[in-house]
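**Q** One line per chain: the protein sequences are G and H, in this order.
Residues in the first sequence are numbered from 1 upward in steps of one, following the numbering used here.
Residues in the second sequence are numbered from 1001 upward in steps of one, following the numbering used here.
A couple of the hints might just be wrong.
What the hints assert, rightly or not - One-sided and incomplete, this derived list gives chain H residues near chain G with beta-carbon spacing under 7 Å:
no.	residue
1	Arg1011
2	Glu1206
3	Gly1214
Claimed, not checked - Result set (EDC-like, lysine to aspartate or glutamate): computed pairs, CA atoms no more than 20 Å apart in a straight line:
no.	chain 1	residue 1	chain 2	residue 2
4	H	Lys1007	G	Glu51
5	H	Lys1299	G	Glu50
6	H	Lys1007	G	Glu104
7	H	Lys1204	G	Glu51
8	H	Lys1204	G	Glu50
9	H	Lys1299	G	Glu51
Said to hold, decoys possible - Computed, partial: chain H to chain G, Cβ under 7 Å:
no.	residue
10	Leu1091
11	Ile1092
12	Asn1093
13	Leu1212
14	Ala1215
15	Tyr1219
The set of hints was computed from the structure by calculation and includes no laboratory data.
Heads up, the beta-carbon is just placed ideally off N, CA and C, and yes, glycines get one too.
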Amino acid sequence: MIYFDKVSKHYGDTRALDEVTLSIAPKEFVSIVGHSGAGKTTLLRLLLAEEKPTTGSVFFESIDVNDLPSTSLHHYRRKIGTVFQDFKLIPNKTAYENIAFAMEAAGRTDAEIASDVPYILELVNLSEKAGNFPRQLSGGEQQRIAIGRAIINQPEVIVADEPTGNLDPINAFEIVEILKKINELGTTVVITTHNKGVVDAVGRRVVTMDRGKIVRDDASGRYVL
Amino acid sequence: MVGAGWKSFIRGGAVSAATVVVMTVTLVIIGALIFLSALLTFTLDSIRDKVDVSVYFVTTAAESDIFALKEKIEQFPQVEAVTYTSRDEALINFRARHASDQTILQGLEQLEENPLSAYLEVKARDPAQYESIAATLATTPALSSSGASIIDRINYEQNRDAIEQLTKAIGATRDVGLAVVIVFALASILIAFATIRLAIYTAKDEIGVMRLVGASNAYIRGPFIVAGVITGVLATLIVLILLFPAAWYGGAKTASWLGGFNLLTYYLQNFFFIFIILLASGIFLGGAASVLAIRRYLKV
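Next comes chain H alone, as it looks inside the complex (with noise of 0.2 Å):
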């Protein structure tokens, strides 16, 4: 059977060729499905992380005060980390940012004292929580043992917008993005459906005459199902061919502005992975079409 199957395949010449051809285009867009929700959810990860909720201190806060606020901070349910910025390491990261900078270097020399306040940056566990942080920060008082507030401002504040229209343009993008090559990902596999059922069309009669020589449903489906299949699996293997050179240009093109992340690094990470993912939706779409292409011609 496998062997028929094969020998219908080869038979098919240009039939079968188109077939793979549309399948590839397929399994192209399945595979640019994955890539693209990885490389979004990995930009939305990546630019959550970036956001936070810092409280700056007042110079003269002393440091047991505010560890006994960031121990308060560290109890909010809402709260995923806390990080500890003492003035001196302000002062270093600081000199570090801008070590091409010297009239600002020169400007730091000048100033007798560090400028710098110390300060907590405060991770929640979803950005949607981070208003209801800085609005919890906002009302816990923070007093030093003089009486005075110890706590300069909170950032929050002033980011707030940029924050929330960040994480919603993302968000949406992702939607919209997967969305768009969900569609894309089910017209190709509608044309890959209509393709397979065309090739088989083409053996409509050749099928009525085995029905009517005595031939069983199985035995006339078994080597269209296997010529699907063969479908399937040649077009996967272009497809995972295809996918190293178009990974590695892409990669090389965009891992610049995409915040880190590389396509090649990612294909061959996740080589298996997408290799499994290709091979069924292949395997599932050649041997599938057949099933149902060559139903109806199996009335007879």
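Isolated chain G (complex conformation) (with noise of 0.2 Å):
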């Protein structure tokens, strides 16, 4: 359903990614792991259509990604649920309205809104801290916020870059047990990690990176660097 073909992106001399070609497909768990550097991200922006390949294409079912106007890029996105690093939450917003901006942006009515949002809620365990803004909730709880942000749409894809990056190992563990149920359920997921115990704890397919290109993939990985 993802595939990058022949894909490289130059930074002035730096080249971030080489040639890259991978591809993914529907239902799939890929972890994509490396060092700092090593191309992950960029790799995910490219599928975000935040930025356009040097050369190459990335494609979307049968979408060239890179091909869509500005002006009809939300409608691919939709089809894309994204969780970052830093979470991303927009800060004036509580949690509710986190998620709820979300359904609004997609164009949903405001009864789907009222009957969506705290069973997601629910789901990331947040019912409680519904009416709290980011800034007084734990880094894990705003992981969880942007988790729910991402499928509240029901997505066909979860694009997650570094998702554990900012949390300690027990909050870590959360995040990738609430991924492996949004696999399960049908959802294909693609997370960017350099967290060894990420990796071990997915146990499912393991691309490996290094200076922009793909050196290692394996079906069923573990973390090797």
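Two chains, each in its own frame: build the complex with the hints.
**A** Below, the structure is given as structure tokens:
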């Protein structure tokens, strides 16, 4: 469902990605691992069409992602739920509003929002903090809100860039469990990480990157560098 | 969307307040531009009104000869109106003007005959035309039946330099004054734009997140534009209220030396016009600044 075709991305003289070819099937749980600067985040940014590749193409199903005009990009992005290392919650919206606005943005009705958001809050186990602003939540709680926001529109893929990067091991484990649950419900999950514990806890396909190239691709891998 | 705009305006707190203040200053300057242009136009008009060419006749001139000349002058294409003042009327005016000056009045009593001459006041359509009117008058023969000229003097010659310089000075004042205010208005419009851009800059990350979770450009832009328009409307209301005491105070202080131009009266008479201009400027500035400012952050 996701296909990177000989994708290169250069920033000046730096080659962040060098002719990467990678395909991801539906319902897979893929961990992309590697050192900082290996190109993991760049790969995700190209998938989200935050940036365009220097050469090559990125396909989502049959769509060439980089051909999408800015005005219709949002339709594509609603198929992908995104989770970031730094959560990227909106600071002046409450936990409830942070999840609700993603539905609002997708054009859902007020009735749908009123019925779905409490359900999602329950799923990420934060019902009692619905009225709190992000600064009043711990890192783990903020990341769970961010996951709630990512899954609220039932995307086909969840893309998580270092979702546990800012969290302690216990919170990180909780996040991994939630992502596994989401994957079991049929959603494709792609995460990047350099946390060995996280990769081993997932125990699924591992793609290892180094200096802009894919150096290893194991179907049920462990973290090896 | 209006609700979301209002909410983001309120949660903006100090930044929103600063934007309103800057916008208020901008609108005050635009208001001052309206006042200044009205004031200078009024002054110029009233001074132009005072300018004329007067033709004084010898005291022996017959009224019928004067009327014949008056009719002839009225035919000049540059002439707007000609008013006749008879010798008797001139005397009444003179007495009225010096009613408090007993010496002059007594001196007048001593004379056996009315010393004042009849005169015609000639108004031009355009002050620049006085010179050509005066020139034409000088060459127009105005003879009595006995063959002597009935014209004593034409006073444009005497006032010409003063009239010309006054016209030029007021014209220049108006041009320079308006230019200065327009420069100020442009500068403050730029500052208002920059402030709104700054307000939106603080929401830069938020806009990026909205784009990434699949919000359309219209959905993101809406509340910011609404907040910009709210800023414009609030600033307009503040300015309209502030202009009352300002016009009242300024009007009381300046009416005497502005030739009867009262700022407060002008404000009240043209309230609706000023209201519409300011409101339109406020809404346009707030809305347009928001659209322009947010455009660059929607590129994610």
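**Q** It remains to establish, for every hint, whether it holds in the given structure.
**A** Against the structure, the hints:
At a threshold of 7 Å, the smallest CB-CB gap from H:Arg1011 to chain G is about 5 Å, leaving the interface hint in force. Using the Cβ-Cβ criterion of 7 Å, the hint placing H:Glu1206 at the interface with chain G is satisfied: the shortest such distance is roughly 5 Å. Among the interface hints, the one on H:Gly1214 holds; its C-beta lies about 4 Å from the nearest C-beta in chain G, closer than the 7 Å criterion. At most 20 Å may separate the alpha-carbon atoms for a hinted pair to count; H:Lys1007 and G:Glu51 exceed this at roughly 32 Å.
Proximity of H:Lys1299 to G:Glu50 is assessed by CA-CA distance (about 9 Å); at most 20 Å being required, the pair is judged to hold. The straight-line distance between the Cα atoms of H:Lys1007 and G:Glu104 is roughly 15 Å, inside the 20 Å bound, and the hint therefore holds. The suggested pairing of H:Lys1204 with G:Glu51 holds, with an alpha-carbon distance near 17 Å, which does not exceed 20 Å. This hinted pair checks out: H:Lys1204 and G:Glu50 have alpha carbons roughly 15 Å apart, not beyond 20 Å.
For the suggested pair H:Lys1299 and G:Glu51, the alpha carbons sit about 10 Å apart, so the restraint of at most 20 Å is met. This hint is violated: H:Leu1091 has a C-beta 82 Å from the nearest C-beta of chain G, more than the 7 Å allowed. The interface hint given for H:Ile1092 is violated, since its Cβ lies 78 Å from the closest Cβ of chain G, which is over the 7 Å cut-off. Because the closest C-beta pair between H:Asn1093 and chain G is about 75 Å apart, greater than 7 Å, the hint is violated.
For H:Leu1212, the suggested interface contact is upheld, since its CB lies about 5 Å from the closest CB of chain G, less than 7 Å. Here the hint on H:Ala1215 is kept, as its CB sits about 3 Å from the closest CB of chain G, short of 7 Å. With a least beta-carbon distance of about 5 Å to chain G, the hint placing H:Tyr1219 at the interface is held under the 7 Å criterion.
When each numbered hint is compared with the structure, violations occur for hints 4, 10, 11 and 12.
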